[in-house]
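Q: One-letter residues, chain by chain:
Number of protein chains: 2
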Amino acid sequence: MPKFYGHIPGVPVGTLFKSRKELAKAGVHKPYMDGIHGTKTEGADSIVVSGGYVDDEDLGDLIIYTGAGGNDQQTKRQVSDQSVDLHGNAGLITSELEGDPVRVSRGVSGAGFRYDGLFSVVQHWMDVGIDGFKIVRFRLEKLPDTEPQLGPTAPSDAASYATTTVTRRIRDSKQARLVKDWHENACQVCDAEIEIDGDRLYSEGAHIRPLGKPHEGPDDVSNLLCLCPNHHAQFDYGGLIIGTDLQIKNRITGKPMGKLRTHSKHAVAVQHLAYRLNMFP
Amino acid sequence: MPKFYGHIPGVPVGTLFKSRKELAKAGVHKPYMDGIHGTKTEGADSIVVSGGYVDDEDLGDLIIYTGAGGNDQQTKRQVSDQSVDLHGNAGLITSELEGDPVRVSRGVSGAGFRYDGLFSVVQHWMDVGIDGFKIVRFRLEKLPDTEPQLGPTAPSDAASYATTTVTRRIRDSKQARLVKDWHENACQVCDAEIEIDGDRLYSEGAHIRPLGKPHEGPDDVSNLLCLCPNHHAQFDYGGLIIGTDLQIKNRITGKPMGKLRTHSKHAVAVQHLAYRLNMFP
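Residue numbers (numbering that gives the first Met the number 0), protein chains in the order written: chain D, 0 to 280; chain U, 0 to 280.
Chain D on its own, in the form it takes in the complex:
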């Protein structure tokens, strides 16, 4: 199942298709039924947002998308749990990790399907849907339509694959700076201190309950941790979880990782830790 990331040449953003079959024929979204086209190994190159899941939230340039599975196609209701290991979901997580763009097509009432351009998968987490079953959720953000047209490029085609690499860019708020200062840039999980140029230590401010929709976590010190990049990445991607008793656990292996180091000025709010435990149960 080769994947073709990016725009399909000759298919401008806004193109209408009468049916899923037409959408598939144009190469915009290949499967006739599945909402996500992708696998864990290759990532997902396209999705369709068509009102098939009651928990989807389509906010235009921001989509809170429900993963695949557990859905009754007749009633559109969830009838069982979803999993991050299922093909389509695992594909979108690969796209999140590798920064690959995902084509988004939307169902348009009475007009079929419209190709709406490229989105970036910026987050995934677990939730309990309206119907009471576990669902995987994805936050997708629209990329500018002026993004370079990557064209039909299979990841196995080294020569023509985009060469861009966007490096780490973390915008620190004043609150994050406070927390990092209190902890003197030492990781609250492992005490690591990363020495960098100009006689500085490098650390990152990590939000416990994420900012922005749908989480709306606050950007204040009660919702921030000072972490090394390793534990920040592991925390962001659901590999590390912190209990309301501040006990840290490797969520994948189950191994205890000690207790979160605290500072007298730094009051971490238990409800934010509880929120995150629900995101990665």
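No wet-lab data here; the hints were simulated from the structure. Every residue, glycine too, gets a C-beta built ideally from N, C-alpha and C. Take these hints with a grain of salt, some might be off.
[Said to hold, decoys possible] Simulated restraints on C-beta separations:
id, chain 1, residue 1, chain 2, residue 2, range
1, U, Y31, D, P8, 46 to 56 Å
2, D, E140, U, L61, 47 to 57 Å
3, U, L245, D, Q270, 27 to 37 Å
4, D, Q270, U, D33, 42 to 52 Å
5, D, P143, U, S79, 37 to 47 Å
6, D, P143, U, L15, 23 to 33 Å
7, D, P255, U, G13, 38 to 48 Å
Position chain U against the provided structure of chain D, taking the given hints into account.
A: Here is chain U on its own, set in the frame of chain D:
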């Protein structure tokens, strides 16, 4: 010396000023002489690009900027070495690490100075300038003029500081994926394996000679390493250096960190390591 990040209200991008004095009065760039306004603690909020340094390269939305110091103001030539610890340079490095926007004003022949909007400091490194002395160089990239107007916000003013936090986003090329696969996502410096959701390991592809101007490093396996986020950050920010004999060293403490782990399929090019040694001597 309070810093005010972002646009100055009432000063649209493109505003012309007759002199440095007028630029200072408007609050766009406070010092009358210095090219950089900032300190290590607070970061830099503005610079002026005015042809004062022979090594500057002004490419419009991309500026390769020369740090402060060692410059004869009469002849505009370098007469001694620059340092990352000097106030203005240390300020721009703080802005790089904290993701703060920098106001850029340019000298306009016959017309004084023009406010050209906000730029992001994305990289710094050492170089030897045209005149044979060490210089600090910065890569600055223009931010969209539609960026939220942060307004006059001192970092000490918690209430009104922008709450945006942009998380890590690394776009993997096909080449980076190959290297990560060969090393099975284990860091080539410390063997760390970061376990994350969906039974995966997280690693990052790090370019030795950076991509893009002015370095123009290639995006191929000879120029890539598989690193954990900690060592990627330390590598990016000049805290870790790898000799052409693959011996790793903490550049700040001088402490040896062992030898880079290699893989039979992964030929790292010595010339790229040599290039980077010149960036962080």
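Q: It remains to establish, for every hint, whether it holds in the given structure.
A: Each hint, compared with the structure:
One distance hint, 46 to 56 Å for the beta-carbon pair U:Y31 and D:P8, holds here, with the actual separation near 54 Å. With their beta carbons about 24 Å apart, D:E140 and U:L61 fall outside the hinted range of 47 to 57 Å. The hint said 27 to 37 Å for the Cβ distance between U:L245 and D:Q270, and at roughly 48 Å that hint is violated. One distance hint, 42 to 52 Å for the beta-carbon pair D:Q270 and U:D33, holds here, with the actual separation near 47 Å.
Between D:P143 and U:S79 the C-beta distance comes to about 44 Å, which sits within the given range of 37 to 47 Å. Separated by about 29 Å at the C-beta atoms, D:P143 and U:L15 satisfy the suggested range of 23 to 33 Å. Hint check: D:P255 to U:G13, Cβ distance near 58 Å, so the stated range 38 to 48 Å is violated.
Hints 2, 3, 7, counting from the list given before, are not met by this structure.
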